[in-house]
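Assembling the complex is the task here: the two chains are given apart, and the hints tell you how they should meet.
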Amino acid sequence: MNIPASLVQLIDELAKLPGIGKKTAKRLAFSLLLRQEQDALDLAESIVRARKTIRNCICCFGFSDLEICDICADPRRDHEVICVVEDPRNIFTIENSHVFTGVYHVLQGAISPLQGITPDTLKIAELQNRIEQSPIQELVISTNPTLEGEATAHYLMDLFKDSVPVITRIARGMPAGGDLEFADSNTLARAFEGRSPFKTEIDV
Amino acid sequence: MVIHSLNLVDFRNYKNIDVEFNSGINFIYGLNGQGKTNLIESLYLITHLKSFRTSKIGDLNSFSKKGSTVQTGLSKQNVRHDIRITLHENQKKVLHNRKIVNYSSEYIKNFLSLLFSPDQLVAFKEFPLERRNFIDRILFLTDEKYFQKIKEFNRIKKQKNVVLRGGHRKDLFVWNKLLAAIIPDIVKVREEIVEKINTLLPDIFTALTGRKDCLQFSYGNDLKNKTEPLPESILAFLLTKVDKEIGNGHCLFGPHKDNYWMTLDGRKDRQTFSQGEYRIAYLSLQLAMNKVVTTVLGFKPILLLDDIFSELDEKVSEKTVSHIVERENQVFVTSTGIPEKFLDVGTGICVSNGSLSIM
Ligand SMILES: Nc1ncnc2c1ncn2[C@@H]1O[C@H](COP(=O)(O)OP(=O)(O)OP(=O)(O)O)[C@@H](O)[C@H]1O
Ligand SMILES: [Mg+2]
Ligand SMILES: [Zn+2]
Chain U
0 MNIPASLVQL IDELAKLPGI GKKTAKRLAF SLLLRQEQDA LDLAESIVRA
50 RKTIRNCICC FGFSDLEICD ICADPRRDHE VICVVEDPRN IFTIENSHVF
100 TGVYHVLQGA ISPLQGITPD TLKIAELQNR IEQSPIQELV ISTNPTLEGE
150 ATAHYLMDLF KDSVPVITRI ARGMPAGGDL EFADSNTLAR AFEGRSPFKT
200 EIDV
Chain Y
0 MVIHSLNLVD FRNYKNIDVE FNSGINFIYG LNGQGKTNLI ESLYLITHLK
50 SFRTSKIGDL NSFSKKGSTV QTGLSKQNVR HDIRITLHEN QKKVLHNRKI
100 VNYSSEYIKN FLSLLFSPDQ LVAFKEFPLE RRNFIDRILF LTDEKYFQKI
150 KEFNRIKKQK NVVLRGGHRK DLFVWNKLLA AIIPDIVKVR EEIVEKINTL
200 LPDIFTALTG RKDCLQFSYG NDLKNKTEPL PESILAFLLT KVDKEIGNGH
250 CLFGPHKDNY WMTLDGRKDR QTFSQGEYRI AYLSLQLAMN KVVTTVLGFK
300 PILLLDDIFS ELDEKVSEKT VSHIVERENQ VFVTSTGIPE KFLDVGTGIC
350 VSNGSLSIM
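These protein sequence lines map, in sequence, to chains U and Y. Position 101, counted from 1, in the first sequence is what numbering that gives the first Met the number 0 calls 100; the numbers after and before it change by one each time, with no gaps. Position 339, counted from 1, in the second sequence is what numbering that gives the first Met the number 0 calls 338; the numbers after and before it change by one each time, with no gaps.
Quick caveat, the hints were computed from the structure, so don't treat them as lab data. Hints should not be assumed to be uniformly reliable.
[What the hints assert, rightly or not] Facing chain Y, from chain U, some residues (calculated, C-beta under 10 Å):
id : residue
1  : S111
2  : E147
3  : D157
Source: prediction; values computed, not measured. From the three backbone atoms N, C-alpha and C, an ideal C-beta is built for every residue, glycine too.
Bound-form chain Y, shown alone (with noise of 0.2 Å):
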C-alpha cells in the first residue's frame, strides 16, 4: 500500500499541513524535536487508529486545541482509499471513503504499517507481553481462524480464573479440559509463524551487516518441556497444578506465558547482544516479518522507520538503506542528519519546527 498525501490540522505540533508523499523512500530529518516522529505517528494512526506513544488519543491534539484531523489518500492493489480521522478531546471519528467507520478492529484489517521506534525496541526487549503481541498483530490480520482461538482461549481463561479464586476444585476440571483441547492449536500456528521468520532472518540480517553469524527468532512454549503437545497430556499435565493454581488463584501455565527471544549464533539476545547488534536483529526481525505478512495479505505493508540510524555504524546504515530500497514498500525513514548519500534513491522532507519543505 503507499500513502500518497496526508493533511494535518492541528495533530501535535503540526497547524496545518499539506504533503504528498514518494511511494518508494521518504526520508525526513531534522533536528531533535522538529516533529519527525509526530508525522510518523500520524501516519501509524491511519493503519492502527490509535498512537503508538500514548494510550490517550487526546495527546495527539495540539496543545490548547480541542480536536484535529488527519487526512489522507493512500492506494492498495490499484484501489484508492480517502480517509478522514478527526479527533475531538478523546474521541475519535472515522471516515472511510465517506462512509463511517463504526468498528476499528473492521477497519484496521485493511492495512498494515510495520513500525520500527525507539520506544517499542524498548518494550519488545524488556516484555514478553510486548513481543507476544508483536506476533499476535500480525496473527491476527492473516489468520482469523487464530484470532478466533485467541478470544476463546482467554475467555476461558477468565472463567477458569474466577473458579481458581472460589477454590471451587470440582467445577475446575471442565475448563482445564476446554483449555487443553484449544492450547494445540495455539501454539501450533505460533510455531509455524515463527518457522516462516527463521527461513528469511538470517539472509536479511546477513544483508544488513555483512556478518555471516546466524539470526534466529525463538519460540518458548510455555508447556514444551512439561507436557506433550497433546489434549490429553496437557489437561494430565493441569490436573497435577491445581493446587498450585488455587493457591495462587490464576492460570500458571500455557501460551498467555509463553516467549519469544532471538539468538546469533547460539548466544541469547538480551545477556549477550550488544545495543546495535539488538537494533539490527530487531529490524531484522521487523523486515522478515514484512516479507512473510506480504505474503499472505497480498500487498507491501508500510514502512514506519523511526530513529533507525543511531547506534548503527556507516556501513550497517548504507547497507540497511539499499536492502530497504529492494524491497520495493514504501518506507518513511526519520533521522536528524541529512541523508545526503540517501537522497537519490528516494525524497528528503526536511521538518522544522512543524512544518515540513520537500528537498
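Isolated chain U, as found in the complex (with noise of 0.2 Å):
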C-alpha cells in the first residue's frame, strides 16, 4: 500500500519526540486522522501559539508568555532567595509542591565535558550578572543528583563563596513516599549516605 507523503511526514515528525518510537508516532498518527478534525486542528494551532509565544524568560531563563516571568515579577516572592535549576521543567515540579517561595534561574544544562557543556556554554555568567546587579541572601542549589549535577553544583559553589552569604544545596537520597523495594541501589547508597539523626516529635 502507497502511505500518502503527508502521513509518512506527520509520522517521522511524532518520532522525532522524546519516548515516542516509530510504533507509537503510526499510533498517534492515524488517531488525529480518525478522530474530529477540529481536535487535531486545536492540537495544531496549540503546537504554534506555545512555540510562538513562549520564550525565555530574560532574568531567569525560565518559560514564559513575556519578556519577565510571572515569578521574576511577583513583588510578593523573595528575590534574594535564588534557586538553580538545570532546566525549566524543574521548576514547575518545584512550583507544584509549594515549598519555595524565592526565585529561580535555569542554567540550561548541566556541566558535562564528554557532552561538550562547559560553564561558558550554560547560564553561569548571567547568574554572576544578576547577582552582581542585585545581591541576594541565599543561593539553592538544586541541580539533579547525578555526577554531572554534582559537578555544577561544587562549581557554583567555588564561584559564589565569597559572594552570597549562605549557598544550600537540596538534600540528595530517597523520594518522599518512595518504596526502599523500588530504590535503585545507588539512591539507597547516596540516602544512607546522608542520613540523619532521627528526630522524634517528643521529647521524653
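This is the structure:
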C-alpha cells in the first residue's frame, strides 16, 4: 500500500519526540486523522501558539509568555533567594510542591565535557551578572543528583562562595513516598550516606 | 554452590555430552588437546557468561557449527537452578529457571567461580590491570557501594580527560575536587580486602608447601607516598600536577594506577619468585579469596583449577589436594596425568577427544 506522503511526514515528526517510537508515532498519527478534524486543528494551533509566544524569561531563563516571567515579576516572592535548576521543567516541579517562595535561575543544562557542555555554554555568567546587580542572601543549588549535576553544584559553590552569604544544596536520597524496594542501589547508598539523626516529635 | 549436571551440544570439541559431577572433587584428566580446558571453559561460562580465553563468544561454537548450547542443573543454598545458555554465532541467550536473562551483570551476581588457569596466571603476573580486575571483580560482587563508586570514579575520570585534552585549565578544578572526594573511599575498600586476605594467606601457603616463609599480598596505592588519604590533601596534590596532566592529556594519578603484588618474607614476586613459587602463591591467593567471599556471600564458589599441577613438585601437589579437600568447595581440577592417588577423594573423569568417561 502507498502511504500518503503527508502522513509519512507526520509520523516521522512525531517519532522525533522523546519517548515516542515508530510504532507509537504511527498510532498517534492515525488517531489524529480518525478523530474529529477540530481536535487535530486545535492541537496544531496550540503547538504553534505555544512555540510562538513562549520564550525564555530574560531574567531567569524559565519559560514565559512575556519578556519577564510571572515569578520574576511577582513582588511577593523573595528575590534575595535564588534557586538554581538545570532546566525549566524543574521550576514547574518545585512550584507544584509549594515549598519554595524565592525566585529561580535556569542554567539550561549541567557541566559535562563529554557532551561539550562547559561552564561557558551554561547560563552561569548571566547568574553572576544577576547577583552582581542585586545581591542576594541565599543560593539554593538544585541541580540533579547526577555526577554532572553534582559537578555543576561544586562549580557554583566555588564561584559564589565570596559573594553569597548562604549557599545550600538540596538533599539527595530517597524520594518521599518512595518504596525502599524500588529504589535503585545508588539512590539507596546515597540516602544512607546522607542520613541524619532521627528526631522524635516529643522529648521524653 | 554445586553444579550437578552438564549437557554440552556443539560446544568447542564436544558434540553432545551429558555428565553428572561429584559435589566435591572432580579430577578431569586426559592427554593434551582432548578437551579439558574446553570443559572448564563451559563451567566458567555458566558463572561469568563469558569465556576466559576469547572475547568472541562465537569461538565457543564447534568449528563449522553456527550455534551451541550449554545446559546445567546447579544448586546454591538449597535452591536448584536450571540454566540454559544458547549461543548463535556471536549472540547469546540465557534462560535462568526458564526465564530470559536481560542483564548479564545482574545474573552473574548470583553465582561465582574462581579460576586458576595458566593463561590467567601469566596475565596476572604481567599486567597491573589484570590484578586490579581480579580484586575488583570480587569486590563488585560483595560490595554494591564500591561498585557504584568505581562507576562514578570512571565517569569523573572520563569527563576530566576531556577537559585535559581541551586544555581548559579553569574548568578542571571541579573534576579534581570530585576525584579527591571519591578516591579515599575506593582506597579504603581496597586496603580492607587486602588486609582480610593477608590474615589468611600465610597459613594457606604453609599448608600447600610445608614452608614457613610468610606469603603476603601488598596493595600499592598510587597516591600513598604523594599525599595523605584525605580529600583536601589529594585535591592539593592534584592541583600541583595540573600542568603535567594537561601535557599528557589524561589523568595520571589515582586508583586506576594502583598496583598489587605478592612477597615471600619480604622478597618481591616478579623479581625473586621461582616459577613454582609464583604458581603456588597465585593459587594461595585464589584460595584465600575463596574464604573471604564465602563469608560475605554465604555460599562457597566453585573452584576451577586448570592445569595446576604442572611445575609443582609431588609433595606440594599432594598437600594442595588435601588442602582443597578440606575446603569443601566443589572443585574441578585438570591434569594430564592419571591421578590414581587422588581418586579416593573424588571422581575421576577421563577426557578423550571430546568424550568423557567417569572412572
Ligand atoms: N570451536 C572449536 N570446535 C571444535 N574443536 C575445537 C574448538 N576450539 C578448540 N577445539 C579443539 O579442542 C581441542 C581441545 O582443547 P583443550 O584446550 O580443551 O585441550 P586440553 O585438554 O585442555 O589440552 P592441554 O592439556 O594441552 O591443555 C583442541 O585440539 C582444539 O583443536
Ligand atoms: Mg588445557
Ligand atoms: Zn523569570
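Quiz item: Can the hint on U:D157 be confirmed by a CB-to-CB distance to chain Y that is less than 10 Å?
Solution: 7 Å, holds
Practice problem: Double-check U:E147 for me: the hint is only fine if its C-beta lies closer than 10 Å to a C-beta in chain Y. | Solution: 8 Å, holds
Practice problem: Answer holds if the nearest beta-carbon of chain Y is closer than 10 Å to that of U:S111; otherwise answer violated. | Solution: Since the shortest Cβ distance to chain Y is 7 Å, the answer is holds.
Going through the hint list in order, the structure satisfies each hint without exception.
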